[in-house]
Structure formats: structure tokens, C-alpha cells
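Each chain is listed here by its residues.
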Amino acid sequence: MIEKTVKIVNKAGLHTRPAATIVKLAARHKCEFFISKDGMNINGKSIIGVMTLAAEMGSELVLTFEGEGEEAAAAEIIDYISRGFDEQ
Amino acid sequence: MITIDQKAVSRKQSISVGFFFKNAKNKFSLKLYSDESGFEKTIYDQNLHRPGLALAGFVETFSYARVQVFGNTEMRYLAQLSDDKKRETIERIFQFTLPCIILTNNNEPFPMLVELCQKHQIALFGTPFGTTKLVYLVSDFLDDQFAPRISIHGSLVDVYGVGILFVGKSGIGKSEVALDLVERGHRLVADDVIILTKKGEGILIGAGTNLTKHFMEVRGLGLIDVERMFGIRAIRYQKRLEIIVELEVWSENGDYTRTGLDGQMVSIQNVEIPYIKLPILPGKNITVISEVIALNYLLRHYGYDSAAVLQDRLNQKIHHKMEEDTRGVDYFEHDFE
Chain A
64 MIEKTVKIVN
74 KAGLHTRPAA
84 TIVKLAARHK
94 CEFFISKDGM
104 NINGKSIIGV
114 MTLAAEMGSE
124 LVLTFEGEGE
134 EAAAAEIIDY
144 ISRGFDEQ
Chain B
77 MITIDQKAVS
87 RKQSISVGFF
97 FKNAKNKFSL
107 KLYSDESGFE
117 KTIYDQNLHR
127 PGLALAGFVE
137 TFSYARVQVF
147 GNTEMRYLAQ
157 LSDDKKRETI
167 ERIFQFTLPC
177 IILTNNNEPF
187 PMLVELCQKH
197 QIALFGTPFG
207 TTKLVYLVSD
217 FLDDQFAPRI
227 SIHGSLVDVY
237 GVGILFVGKS
247 GIGKSEVALD
257 LVERGHRLVA
267 DDVIILTKKG
277 EGILIGAGTN
287 LTKHFMEVRG
297 LGLIDVERMF
307 GIRAIRYQKR
317 LEIIVELEVW
327 SENGDYTRTG
337 LDGQMVSIQN
347 VEIPYIKLPI
357 LPGKNITVIS
367 EVIALNYLLR
377 HYGYDSAAVL
387 QDRLNQKIHH
397 KMEEDTRGVD
407 YFEHDFE
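Protein chains in written order, with our numbering: chain A, 64 to 151; chain B, 77 to 413.
Note that these hints are calculated values from the structure, not bench results.
Just so you know, not all the hints are guaranteed correct.
Said to hold, decoys possible - Derived lysine to any residue pairs resembling SDA-like cross-links, with alpha carbons at most 20 Å apart: (1) A:K87 <-> A:R146; (2) B:K107 <-> B:S215; (3) B:K83 <-> A:G102; (4) A:K93 <-> B:V325; (5) A:K100 <-> B:F222; (6) B:K360 <-> B:T335; (7) B:K245 <-> A:A83; (8) B:K83 <-> A:A137; (9) A:K100 <-> B:T335; (10) B:K353 <-> B:L371; (11) B:K289 <-> B:G276.
Between the sequences and the hints, there should be enough to build the whole structure, so can you do that?
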């Protein structure tokens, strides 16, 4: 199991487009993927779940990956979030 | 079997008096008599207290951290005191950090009470409710606020009045089953993110989140609004969780119940919920099976357990070696239909 804390760095926060991208990235891997924030623990492969977090700039997410391909999934998703979803 | 991650459980330790007033104002018809200077104070005890004895002078075991309720008794007692005595009495209990005071039964505060509350920054409310009723309602409200909340991935649907939570891996078809059930006249509580709140002992109430309420994702289609699309009959805001159904791809080694006698339970925050593992196979109509699960639950609830009944019949047959035909009817009586 991999557990990592990441920070949302882009101005617009985790809005619909990046949420959809995260879900798509996660769906390519077999491992389970969960995100938790403020006592909510949601499935990172569900777009509704990711949108529920309503994560704003500066907020911290705890990502958990477990199962087949967890390393590749973690690397890819953490990189995408740290890049600020390729936004400003 | 589903497991609940500790990260999915949250619990409020306290609420501010301001938050309490904002959310409880309409429910309990609260009126504010003081200013808002006491709104920063916190409430962390779900119980309420009537400070009768504390007013009379006995403050040794005074539960001052609780919301204080002044009913007719407290107000009459204060009313018969002289002004000096009144001030002394109130100052004596105000040396403790009280969160706030509620006057019940439409009791109006005398000016000195308002003045002292503001001096000590204690919010003073009034309500038309009687003391017993208010204590019951406010402790229920606070109980709900301080209850553990669990977020869980799944779809919660009211099927014939039974709250069924579908869980399982992402993409297995939980939302599709929920949608199918809605189409057949059942009601969606929430999809994807369910918040379970523990109510009292042994009850979990499920609801959606504020943001995503009755929205749903259908793979390949995107996001849809079930309430808008199917109307008010297709949704409800909350439902007691009664059965958990886990959908999984059929596995030959899967241990699926064949009789239903060996009912499994899953424990969530010490609440035992019946748990059914349902394999998905081509040609298997999960929606219809879900309806049967709900009906079977209702039958059992009303005292009829199909599996147990058949088991009894079998036992009787074995023990008494009844001289009966194995056929279900005795004699066809010229019925050639």
C-alpha cells in the first residue's frame, strides 16, 4: 500500500476537468485508489467522489493506492496533481 | 467483505454557539435576547442541564459545560429574589464557563439577566417550547451533530422501503443497478459518495453530500441529475441502511450462500448490518434480485423466513417419514388442464 499526502497548487483548485483526468488516469490501473480529505474518504475512480472533495488551492489530500500497479498509478497521479493539472 | 478505513470516519468534537443558533433557530423557534458576543463559545456536550440546584447555591457538581435550560421553576425562583440576591445568584453560576442559556415556555428575561449574560458573553435564547420537549429535541440535535460520520463508496437505494447499499469495485455497475431500480419506481438516496451517520444505538442513516446529492455518473454517458430527470418520486434525502449488497464478478471459488440460513453480517461502527455477496453473471438481472432481497428482508421482518420454513418441512419429513406422495398435489381429479 502506498500512502502520500499532496497539496493542490493550482488557483482554480480541483475542478471538473482535472477531476475527470484523475479518474481517467486511475481507471487505467488495476489497483484501488482512495482520496481522503477532512474526514471524507472517497473512491478516486469515481468522478462524483472526486468532485465531492471540492478541494481548493492549498488543501491537502491523502492518496492511498493498493494492489496491482500501485507504484505506476501513484507516480502518474501524484505527478499530475503536483504539476497543478498543467494549469497556473 | 467491505472494510471501513479510519480515514473515512469523522466526528465533530464541538460546535460553536453561533453555529448552533444558525442551524437550530428555526427548528426550535429560538429568539436571541443577548448580543452575539457569546457566539464564539463552544458546545461539546450533547446533554442539557437545568441549573435549579446551582441557582439555589449548590454548585459542587454543576454541569456547567452543558447548554443550560431555564424553565418555569428557575425563572420563578429568580423572580422572587430581591435584586441584590438575584445578582449574587446569577453571578455565582456565571463564574463557570457556560456555553449558552435557553429560556423555555416563552419566559421573557428580566433586564438584569440580559445585562449579566452580555457582561459574561453568554448567549441567551428563548423558545416557546416546554422544557421537557426542548430538552428532548435539542439533545437529539446535538446527538446528530456529534455522531460519527462515515463516508462510503456505493449506491444507496430505497427498495420497497428497505435501504439497500450497493458496494463493489469501481465500474462493476452499482450506478446502473441504482438507475434500473429508479426506473422501476424505487428511490435513489445517493450515488457514489454516501455519508452514514450513526443515530442512537444500532441505526445508521445514509444520505448524499450537499454538493452531489442526486447526481450520478453513468459510464460512457457522463453525469446525470436523477432528480431532474425522473422527478421527485425517484429520490429521497435520507434512508436507514438495512442491507449491504456487494456486487462482484462471478468467481468459481466464491463462497455464495445457497440457503440463506447462514446470513452474514458486517459491522460498521458497531452496528450489525446484513450483508449479501452477489455474483454478477450474464443473464442475471441484478435489479430483480435486489427487489427480491428487499421483499425477503420484509418477510423476515414480519416473521416469515422462507429458508427456515423449508428447513422445518424437510426436518419433519425426515423424522416422521410421512406417507405422502413426493408430488406436490395428492390427486389430479380429472384435471387435464
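Starting from the hint list further up, note which numbers the structure goes against and sort them upward.
9, 11
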